[in-house]
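**Q** Letter by letter, the chains look like this.
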Amino acid sequence: MAGDGLTPRGEEAVKRAAELVARYDSLFVGVGIAGRCAVLAQRLNPALTVVFESGIVGAALSAPPRSISDRRLYERCRYVAPQEEIFDCWLGGRRIDAAVVGAAQVDLHGRVNTTVIGSYAAPRARLTGAGGAPEVRPRRAAVVLLAAANGRVVESVDFVTYRLPDDIDRWLVTDLGVWHARSGEQRLVAVTP
Amino acid sequence: MTRAPFSVTAAEALPNAVKACVCSGETVAIEGFGQRIPFAAVHEIIRQRIGDLHLVRMGVDLVGDQLIGAGLVSALTFSWAGNPGFGALRRFRAAVERGQPRSLTLEELSHGSLLAAYRAGAAGLPFAVTRSFLDSDLVAHCSLVAPIACPFSGERLHAVRAIRPDVAILHAQRADRMGNVELRGVVGAERYAAFAASRTLVTVEEIIEEITPRPGSVFVPAEVNTTVVCAPRGAYPSGVDGYYDRDDDAYAEWDALSGDDARFARWLATV
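If you read the protein sequences in the order shown, they are chains A and B.
Position 64 of the first sequence, counted from 1, bears residue number 64 in our numbering, the numbering being contiguous throughout.
Residues are numbered in our numbering as their position in the second sequence, beginning at 1, plus a constant of 193.
No false leads were slipped in.
Pairwise CB distance ranges (calculated):
(1) A:Arg187 / B:Gly218: 49 to 59 angstroms
(2) B:Glu399 / A:Leu188: 52 to 62 angstroms
(3) B:Pro340 / A:Ala63: 36 to 46 angstroms
(4) B:Cys216 / A:Gly58: 35 to 45 angstroms
(5) B:Val322 / A:Asp25: 20 to 30 angstroms
(6) A:Arg78 / B:Gly292: 41 to 51 angstroms
(7) A:Arg139 / B:Pro340: 21 to 31 angstroms
(8) B:Gly218 / A:Val154: 38 to 48 angstroms
(9) B:Ser296 / A:Arg78: 43 to 53 angstroms
Treat the hints as calculated values from the structure; they're not laboratory data.
This one's a predicted model, so the numbers in the text were calculated from it and none came from an experiment.
Using N, Cα and C, we set each Cβ at its ideal position, and we do this for glycine too.
Could you put the whole structure together from the sequences, leaning on the hints where they help?
**A** This is the structure in structure tokens:
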């Protein structure tokens, strides 16, 4: 399943991302590796309201979800909202403090690529596409989590699927270290030994 | 609007319902987000080789991969294409990267904007408004998205053209004899797709005389449902809340099968 088979450094990245998002009150969780991060974050902060684009609000996570429509998610949550409530009200209305998402490729300008490697018309690798990530505009912080950086952090992404807001804390957490950016300022804050 | 008489045995009713509701060359919305995915109806489309379809689907998962792999899709409006929990869709990638078995015209949105486009379609509006495409390269590649300015503040926004499918296909828990459909669990685009479409085909786990609404359930009213067919386990291997859970092994199996051309060809011949 998604997130299985991580290297020790990958595990460390998930843990660091969890520590970053656990300090907030509400968290939007993307697919795959983000679910694993959310489980750890909620262990650190049991009051963390966890929201998924499938409509789940206030999930009580015991294990990483198999998918974001996992029955175990909506059987143990505060409520299941119609999806338009998540996109329009929680995300569009900026009711979420922080978000954690995965990506195929990112750059240090806050641009995220989940669409194609290579050109759009003739891609070398076709990726899954945007999903709900372009709707995610958290109030305070966004974490992009890559368990294996492995050439995926680049000078300029092949395709800008979406761009994270400039006026919030943007964290890029990988198996190599942690990068922070906000309003034009950016720095490396941790290196994984 | 004409309504076909309901049948209680899927084996005989579903082929006729699909034949009556879905035509080659049409725009077909298939919804159900991770759950209640109308696999049985889609497999019937594949058996009847109803092709040249414009498929509209937020999360293009196994059903989309199967239709695309069968060569029945010529255009795809979507916002995500993956095997939930397992990664890439092999047949979708083959079509986009290598034109196998045929190339696809892509109209690519985000989940929120595609859902909004269905709602605009259902409401009879020309477009929805979104902030999702600021600084996104998707705008340059999608004919459904155009920049606009807020008439009040001048804010930069995007319009997303309304989606009005020829037919919407859904799966739900229950229907009554009048054709009212009750669904629950993860609910999103399906009811708006139904209201936006010219016709709607719904498969359900069971048809009962009269439904007493359950708390938290959502209705797709008889007024928008053209045909309702009883198709027990019609969403398998996805899950239906209250009936059966997703079969994770089948999703894993699709990952292996769909990546092997010979195995996929055998699957297609026997679906």
